[in-house]
Structures are given as C-alpha cells and as structure tokens.
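Protein chains in written order, with our numbering: chain V, 241 to 651; chain Z, 29 to 257.
It should be emphasised that the hints constitute simulated quantities derived from the structure, not laboratory data.
This one's a predicted model, so the numbers in the text were calculated from it and none came from an experiment.
Using N, Cα and C, we set each Cβ at its ideal position, and we do this for glycine too.
One or more hints might be untrue.
[Unchecked claim] Listed next, the in silico DSS-like pairs over lysine-lysine satisfying Cα-Cα at most 30 Å (straight line): (1) V:K505 / Z:K139; (2) Z:K238 / V:K511; (3) V:K427 / Z:K139; (4) V:K505 / Z:K238; (5) Z:K139 / Z:K238.
[To be verified] Using C-beta positions, here's what the derived DEER-type ranges look like: (6) Z:Q146 / V:E495: 50 to 56 Å; (7) Z:R145 / V:E305: 49 to 55 Å; (8) Z:Q146 / V:K289: 54 to 60 Å; (9) Z:A102 / V:K423: 37 to 43 Å; (10) Z:S253 / V:R388: 57 to 63 Å; (11) V:P346 / Z:D140: 43 to 49 Å; (12) V:E615 / Z:D162: 27 to 33 Å; (13) Z:Q146 / V:P346: 32 to 38 Å; (14) Z:E142 / V:R308: 34 to 40 Å.
[What the hints assert, rightly or not] Computed far set for chain V versus chain Z, every beta-carbon distance over 10 Å: (15) R309; (16) P372; (17) I377; (18) G460; (19) R500; (20) V509; (21) R514; (22) G540; (23) N542; (24) G565.
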Amino acid sequence: MTDKPLTRRALLGGAAGAIAATAAAQLSGVAAAEAQEAALPPVPQDPTKVPGAPTSLVGTRSRFEHPRRTSGPTSTQAPLHELVGTITPSDVHYERHHAGVPTIDPAAHTLTIHGLVDHPTVFTLEDIKRFPSVSRIHFLECSGNYRRNAPESTTAQQVCGLTSNSEWTGVPLATLFREVGVKRGAKWFLAEGRDAAMLSRSIPIEKAFDDAMIAYGQNGEALRPEQGYPLRLLLPGWEGNTNVKWLGRLKLGDEPFMSREETSKYTEVMKDGRARQFSFVIDARSIITSPSYPQTMRRGWNEIRGLAWSGRGRIARAELSFDEGRTWIEAELQGPVLPKAHTRFRYPWKWDGGETTVMSRAIDETGYVQPTQRELIDARGVGCGPYHLNPVTGWRIRTDGTVVFRTEAWA
Amino acid sequence: MKSTALVAGLGLAILIVAAIVLSRRSLDPARGTMGPTLAGAPAASGRAASATVHPIDPPSHFGIGRAATDADLARIDIDVRADGQGLPAGSGTAAAGAAVYTAKCAACHGKDGEGVRQDRLQLGPRLIGRNAGDAFDFNESTAKEGAKTVGNYWPYATTLFDYVRRAMPQDRPGSLTNDEVYAVTAYLLARNQVVAESAVLDATSLPAVKMPSRDRFVRDDRESSTRVR
C-alpha cells in the first residue's frame, strides 16, 4: 500500500470525475433547450392576423411554459408547484438513480424469473407485452422526500418533489408468477435492475399476488429512460427504491437476500438504538402547491390547491388549518379518488390581506392521520435519519402577498 | 297489405339473426387461437347484447417465454445471500485487499476509508470506523457522522461482497475478480476490527463472520397501526 497522498487530479479521475461531470451535463441540457427557444419566430402582436405554425410530428410545450426538475447528481425533484391536476408530465417526473440512467436496447432486453419456481423462464420484452395488460394510476415517492430545516425560500418542489404520479401499463406480476409456477416455500423475491448499480431489493411474495406489476408503459407511451425503460417493477404505495427500474431479473427464495439497499442504506434508526428494516409502505402525506413559495397572493378569492396521497390506500380527507393546527377544515377532493395515487384537493378561499399561515394534512381510508414534525420526532427521535418523514407542512402569506415556507427547526 | 307486412317482418328477422351471428363471429374471443385453453370461459348466450362483453378467466399458463438454461442463469445469477448462498470460489486477505482498495476505491472513499466530499458532493461515504462498544446509539444526533460505517452498521458481511461485486468501483462496476472482491472485503472488515488482519475470507468463512450490528435490525411495523411510529 502506497502512502502517497491523493492529489486533486487523482480525485477528479475515474469515478469521482464521472460524478462531477453530471451537473455540467444537466446545465448544458437546459442551455440547449433555451437556444432552441431563441430560434423561434417572434410572438405576433395579434395571433388572429397571421397564419399559425404548421403541424408537427412531435409537439412541444408552449414556449411560455418552463417546468423544470431541480438539478442534482443522483436525484431531481418534480416541479409540483407548477403542475395542475394529478398526472405528472413524464419529462419532469422526479428521478433517483444509483449509478446513472442506462441506455438499454429493448430488442436485447430480457426478464428472467428463476429460483424457487417450476419453470425458470426468460421473457423478451415482446413476450411480456403479449400477456393480458392492465393500466393503473399510482404515485411513486422516494423515501427520502423531506428537507429538514428548510428555509423560508423553499419551494414545494424542494421540500416534497421526490414524488410523481403516472398511469402505468404492464402485466400483473401475479400473471408472470403463475406462468412460471411458484414453488412451495417461496416467500421473497429479489428484483434486480440492469443499471450500473444492478440495484436489488428483496420483496415479500404477498405483494406480487396483491397489486405488483411489471410496467412497460407510462402515461400512454413507453417508460421514460429515467423511469426504467424498457421494464420496471411497480409496487403501488411502496417506497421508490423498491420499484426496481431497468428490471432484468426476479429470483424467488425462502428468505430475504439482504442487499445493500435493504440493510445499510434504506433502513431507519429508532429511538431504542435498533434499526427498522423493510420499511416499505409510504405513509399518508400532503403538500399545498398553491399558494406556495415563490408565488404571490392577491386579495380576494383564490383557490388553495394541493396534493394528498397514501401508500396504504385511498385518501379519505384532506384538511387545511389556518391556526397552526388547532382546528382543521375539510378541503374538496377531486374524484375519482384512486388508491395509492396523488389526489388533488382544493378550497376556495378569500384572502383579507392579513398575515396568514395555511397548513395541510392528509387522512387515508385506514384512519391514518398525517403527523406533525413534532409527533414524528417524539416517536422516532431527533436522530432518526432522513427516510419516511411525512410531516404536516405549510406556507405563510405575508401582508404584501409574498408566500414563504413555514419553517420548523428539526429539534 | 298483410303479406307485405309478413315479408317485411321476415326480412327484419333475418337481418337480426345475421347481425347476431356476425357480431358473435367477430367479437367472440373463444373463436380465436386462445379458444382451447379457455376452460373457464362462459358459453356464449343467444342474446345479441351479450356479444359485446365476454368475461374471460385467463389461463394459468399462456406458454409465453423460453426455458432459462443453466448457461443463462450462470451468467446473471450473481446475488449472494446472508447464508452464503451464491458465493463463488476464490479467497482474499486484508493484505491483498489494501492494494485493491488504494487503486480502485480510495479516490472516492478516502485513503483511510473516511469518505470524500468534494464541492458539497458526496463522492463516496465513510466506510471505516467503529464507535466504542456495540450498543452505541446509531442516532444521528448522538453518534454524529460515521455511525453508519461498515463496522458499525452493516448487519451482514456477505452484503459487502455482493455490493462491491455488482456495483463497485463506480466508474467500472463488475470489473473486479472474485479474489479481488474477497480481498477488499477482508480489508474493509479488518480495518473495521471485525476480522483479524490475517483472516482469509472465502465462501465458507465470509458467511460465518458475525457483524456487530447483526441483531439490531427489526422488521418495520408501521402498517399494523394508524399510530405514528
């Protein structure tokens, strides 16, 4: 072993350099989009007096709309405060990957199911698409979707943007498991991705026969590369990283496989000194997307809007508080209210110009009530780590109409 | 007049029957190639309206896909379980692992496994370090940085082998030989004071290593209650 100190040049080589290069690549992507925009014809003074643009093979967003994910080396957040309705546009769906987004040729991609099965089988993508399909709307959320000690200048995107909602199309995993024949004694399956991390998670087999699916479609087309093209596991209501992307292998076994992600990574330290493992379900959560920083509020009628969701099932109620959580008022839910899906809530409200704080909380059909940050800290300890934090959040509207994040020290 | 009405009525009846036959022909999936396997499909009724909906019990076996061969599985079956299932032949020591670590790991994890941050970016987390005693608090507030090192936090030594082999080094994942993975595993476990410097790790000795945190992991129980847990 050499004792030569590492130079900065050595640090910038290899893996270190690869990680550092990511941020630059993201910036150049935005620059390219902006350059393209600059090349557009001028905006006419009166659009009724000049012929419009011709048809196109692929449409683009209006030149006046610029929803953007946040930038980051291994995760990006969806611009929740700029979106309406419940479906997240695929190109701004949040991202989290452990070794970059792989480029996978769908013609060469296969899914192998083996282990405790009667017939170990290799399925091509074309094979998978021959099975009876289903389409379902579900949210995904990274278990690390909360920013502690966030300042007033925090957007809904920054505090809660590691969640998105899509219509997913694919095959129920139960169909594939019946096809290969599950052997008695199989209790868990390992799901493994074909990315450079070969990300793997152990999943209890009951989930396969409940609502798990192998998805190849997202919002009416093939999955986006960032969401697992050409094939991903979808475990409705369960923490993001278990929904293994770029799925290449499922292995059935009689015990969990104890991969890095389910031992040293996505586990939560508890107050008693132990660590919680296989913490799958996403608890109920909500976020007000309007008003939110950096929007401004005008006196008179406005609509308070937000999203609520729960990994345990349907949202039963979304509630608002204007008095720091002492009393709660029910907001209206936009139907149909789907299980394990983003649900839009709204509340018409007349702002009188006084300083106001508005907070939201979600209650799901099991009776689970979204907790306050205080309740979370009391239950888990202040050192519990960053995962599965779903506290009530809110916004302060100042007399000049500016809106800021309702700060809360993590202590 | 009477006969005209009769002819018209007869014509209408023929048209309806023809429509039923045609619609059943085109909509009845039991007439497709899947037919013979549809054991649970209900018999088509004679009512025209029923031709639009045919609930089908899917077969349990569609006969899609090809059998995985031993060669297929040998190429992709790389996971290693806590009981050692999946560990390959080969072996390694901490002494051999030190050279692998310096060449392949230190750029991101630091010369002494202390972790590297660069411009606010975590290149690689801290790997080496032991808090005093095995019952110390993992909590971020009291244990501070470094609580989740391999020696403190990882419950299974096999996980280290599995993860290094599949995902490291980050710029060339899967490039280490099995001997190199055993060696770098031995190096990290020895530096974390989990195994002796002289330990030889292989498919038998690695799963026998008991990590300090092994009994401190419990199953999540949040979903069994609506209480905040």
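Now for the hints, and whether the structure bears them out:
For the proposed pair K505 (chain V) and K139 (chain Z), the alpha carbon gap of about 22 Å is at most 30 Å, so the pair holds. Annotation: proposed proximity of K238 (chain Z) to K511 (chain V) holds, straight-line Cα distance about 24 Å (limit 30 Å). For the hint linking K427 (chain V) to K139 (chain Z), the alpha-carbon distance of about 41 Å lies beyond 30 Å, and the restraint is violated. Restraint check for K505 (chain V) and K238 (chain Z): the C-alpha separation of about 19 Å stays at or below 30 Å, so the hint holds.
A threshold of 30 Å between alpha carbons decides the hint, and for K139 (chain Z) with K238 (chain Z) the separation of about 26 Å falls inside it, so the pair holds. A C-beta distance of roughly 39 Å is found between Q146 (chain Z) and E495 (chain V), which places it outside the suggested range of 50 to 56 Å. Distance hint check: the CB atoms of R145 (chain Z) and E305 (chain V) are about 36 Å apart, inconsistent with the given range 49 to 55 Å. Between Q146 (chain Z) and K289 (chain V) the CB atoms are about 56 Å apart, so this pair conforms to the stated range of 54 to 60 Å.
Restraint check, A102 (chain Z) to K423 (chain V): a C-beta distance of roughly 20 Å breaks the suggested window 37 to 43 Å. The given range of 57 to 63 Å is broken by S253 (chain Z) and R388 (chain V), whose C-beta atoms sit roughly 24 Å from each other. Distance hint for P346 (chain V) and D140 (chain Z): a CB-CB separation of about 44 Å, consistent with the stated range 43 to 49 Å. At roughly 31 Å, the beta carbons of E615 (chain V) and D162 (chain Z) sit within the given window of 27 to 33 Å.
Distance hint check: the CB atoms of Q146 (chain Z) and P346 (chain V) are about 36 Å apart, consistent with the given range 32 to 38 Å. At about 35 Å, the CB distance of E142 (chain Z) to R308 (chain V) agrees with the hint of 34 to 40 Å. In this structure R309 (chain V) is separated from chain Z by more than 10 Å, as the shortest Cβ-Cβ distance comes to about 18 Å. For P372 (chain V), the condition that its CB be more than 10 Å from all CB atoms of chain Z is violated, with the nearest at approximately 6 Å.
With a least CB separation of 22 Å from chain Z, I377 (chain V) remains clear of the 10 Å interface cut-off, as annotated. Separation of G460 (chain V) from chain Z is adequate, the least Cβ-Cβ distance of about 24 Å exceeding the 10 Å criterion. Its beta-carbon lying about 4 Å from the closest one in chain Z, R500 (chain V) breaks the requirement of being farther than 10 Å from that chain. With a minimum CB-CB distance of about 4 Å to chain Z, V509 (chain V) fails to clear the 10 Å threshold, and the non-interface call is violated.
For R514 (chain V), the shortest C-beta to C-beta distance to chain Z comes to about 5 Å, within the 10 Å cut-off, and the non-interface label is violated. Consistency note on G540 (chain V): stated as away from chain Z, and its beta-carbon is indeed over 10 Å from all of that chain's, at 38 Å minimum. Here N542 (chain V) stays apart from chain Z, with its beta-carbon at least about 32 Å from theirs, past the 10 Å limit. With 10 Å as the threshold on Cβ separation, the claim that G565 (chain V) sits away from chain Z holds: the shortest Cβ distance comes to roughly 14 Å.
The structure fails hints 3, 6, 7, 9, 10, 16, 19, 20 and 21 (numbered hints given earlier, in ascending order).
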